[in-house]
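Let's have the full structure, built from the sequences with the hints guiding it.
Residue numbers (the working numbering), protein chains in the order written: chain A, 1 to 261; chain B, 1 to 366; chain C, 1 to 321.
One should not assume that every hint holds.
Computed beta-carbon distance windows for the label pairs [claimed, not checked]:
hint, chain 1, residue 1, chain 2, residue 2, range
1, B, L191, A, G158, 41 to 47 Å
2, C, R232, A, N3, 48 to 54 Å
3, C, T248, A, G238, 53 to 59 Å
4, A, G158, C, L104, 42 to 48 Å
5, A, S157, B, L191, 39 to 45 Å
6, B, F338, C, W120, 56 to 62 Å
7, C, L10, B, N50, 52 to 58 Å
Keep in mind that the hints were calculated from the coordinates and are not lab data.
Ideal placement from N, C-alpha and C gives every residue a C-beta, glycine not left out.
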Amino acid sequence: MTNPLLRIENLTIDIYSPDGVKELIRGLHLNIEESKIVALVGSSGSGKTSIGLSILRLLPAAMAIREGKIIFADEDILNVPLEKMRSLRGRDIAMVFQEPLSAFNPVFTIGCQMNEVLKFHTALSWRQRKGKILELLDSVGIPEPGRIAGQYPHQLSGGMRQRAMIAQAIAANPRLIIADEPTSNLDVTLQAHIIELFQKIRKELNIAMLLITHDLGVVNALADEIAVLSDGRIVEWGPTQGILKDPRHPFTTELVNSLVT
Amino acid sequence: MSKKEKHLSQFQLAMRQFGRNRLAIFCFWILVILYLSAAFADFLSPYSYNNEDRNYSYCPPTKIHFFENRKPVRPHIYGTHLTFNEIHKRVYVAEIKRRHDIKFFVKGDEYRLLGFFPARLHLFGVDAPGRIHLLGADSRGRDLLSRILFGARVSLSIGVAGVFISFIFGLLVGGVAGYYGGTTDNILMRLCEMFMMVPGFYLMLALRAAFPPDLNSLQVYFLIVVIFSFIGWASLARVVRGMSISLKEREYVLAAKAVGLSDFAIITRHILPHTVSYSIVAMAMSIPGYILGESALSLLGLGIQDPYASWGNLLSEAMGIVYIKFAPWILLPGLFIFVTVICFNVIGDALRDVMDPLLKMEGKAP
Amino acid sequence: MLRYIIRRILVAIPLLFGISLLTFVLIQITPGNFFDSLKLDPQISADTISRYEKLYHLDRPLLEQYFHWLRNLLKFDFGYSFFYNCPVSQVISGRLYNTFILSLASLLLTWLVAIPLGVWAAVNRGRGIDKILSFLSFAGLSVPSFFLAIILLYFASEGKILPLGGMQSINYDGLTQTEKMVDLLRHLAIPTIVISVGSIAALQRIMRGSMLETLRQQYVLAARARGLPEHRVVYVHTLRNAINPLVTIFGYHFSDLLSGAALIEIICSWPGLGSVMLTAVRAKDLYLVMASMLMGGILLLLGNLLADILLAWVDPRIRYE
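Spelled out as structure tokens, the structure:
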């Protein structure tokens, strides 16, 4: 039995405000096995995103990790030098954001930004990178990848942008993807496509995923395990179907009930 | 709470926050001191602005002595005697024999208090034939301190007067343009752009040239105020117009219209008051520009003329660069301008930081 | 994009007319004209003067004078300068070039210094260097330019390294190409520095603000999340976006430069558009004043047009709308 790919132990995150310091996350534990999709659900403002950001050590200035360990591939990444962290970001751990328009730099083309990722994380030549970009765009279901690669983010439709963002996330073959509300800004049909895309990626590339969301529908369709976040800690954690059918914690029950209706 | 009351208390909150900014308060008090000194220039200065004595041409600042023969004595100065040294440079030699005590509340040059009452009381001075020049004297032997104080009257007030007029004009034009929209808006905005297009200095020169060069100083003063208002209203008008456009959609405007209020009343009573926060900040930030503009004009000889004093025309003496070497005190008026401008800038900056939340609120649509 | 430019130019033309009309009206309200001083000279007969007046249409109604002037404009004939006794275009073209050089030098200096300083302050926000730069830029904003000019000229007279004004040394014509370049740079030094100080201070603060604002954007976080090196995140991704708002200011910056340059030109005896404007105004040299104002307005419009084009080039969102 191998160790989990990602192990979060006793994570405590403080949040600073003009009124003082508060604990956003207290003593959180979470594991993600290789190639598994773990959903992290909670209400808005519960701190889900901050957990994802702390894995990458990219918390905003107003928050700080006070205690805890985050072990990725048997290394405590909270204590590695920043240089090492940078090589992990984008290459071993990638992030997909909620709003793809604001996650892409508006003044560079899609292809240019994907090229960047490949340039800094792989040893491919320029020619090889060009080919790989087209391949990637194609694999996420973008038609005419050559044309799209030359366009700017605002020129693409919402669904295309989201796919492009996913393409860029898988570019360097990460082992873990942190997806922060990847479908919340999309309409229902697009959501279905993206969910399908994630399933395909998981199957073909064996990528594990931390799916941060408040939408149980997506969880139901995609996640192997579900972890429920409430009041700064994980109150329930287990296989998706089991928990959804038989929630123990009152908060989970509430969530499930809203799904059923 | 009515809308107007709520608005006021936020304003008061903003002012209180301003009060916490120690640097801004410090600058505020410096400005208060400067303005008060300008107001009481006649009293505070030992001499009238045109009191000259060629024997004291470029006299260095008078040294005040507190001791005599090692014994503390009333502060006093010595009479000076002008000679030239070997290289024909002016040297002022103190004559120990002629001692003048500095007296307070002395009778000096005549002036009119508040423009009406003849008075002769000055804060300090020395008996004739001694002359006290705390900051030195200019080429004609006029006390620089006195001239700076009198110059403050012109330089400091012109900023306020000019800004005030621009403010009114800018608010009106902006309010009207935004409210009516359509062709009126178009025409007024083109007009604004035109005024903003012409480089300010050029416009200033041209406007000044439109009037005879030999006006009396009061006329010149008003002319300068008018010229600067002419240049400055445009940018304020544009911003107020933008605000007016969003403000005219608000409910209380529709309510006022329903009640039958005239357009003018709506603009002045319901729309413009909400542009006040921004306008105050804009005003504070543009006063330095007016002060600098007047100084520039006077420096070039197109503004306030001799014998009247303004900080700008006091600096024109320094333009002949050679004089700076042996009479560096003629640069002092420039320092006063610098300090004034910095203070206004600090205050304006602090005001802007404080008004920011207010601005955000006013700018948003309901 | 071409349509965008043409649209901007079309809007500019009526503005130019407005400026010319404004100038004309202003000068005409002036009681008296150039010939007043001539009239006082007993050696010049009244005949001569009235002949001159007829020649320059000064005896015709104002509106007619204005249209004459406009018509000549289209032939690029700006009229005649009474004071300099030669066609206005001759006076203006030389001066225009000089003012242009000075403004260009100030523009370059300003941007080359202010942008790095602004980025430096933003990246080191709250630390010592940020506070120092903040104080310095405040001082730089507030110092009266003419005061600074006078002080620098004083030090120049003491130090004897830099010349005391003007644009060319007396022995200019006898110098080699390189020496001429150096001579020009030495004369440019003081006026350029004086003009730039205020702009550098202002631009640095704006740059800093823009950088800080941009650093908060989601795409900067995304760039970091991709593991890009920090210097690339800051100097490529952030800077590239932070510069956009500054480009909009560019046009107005140019306008301020022209305005500020005029005063400094006069103090440093730089033979440019500003100093000629002063002379023309004092002498009531009608056509010269009008042409100067018009030139000033045109340079400004060009500056703004350039700014708009630059913005469109720099921000693809505008380009493709």
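Non-conforming hints, listed in increasing numerical order:
Hints 2 and 6 are the ones this structure does not satisfy, whereas the remaining hints hold.
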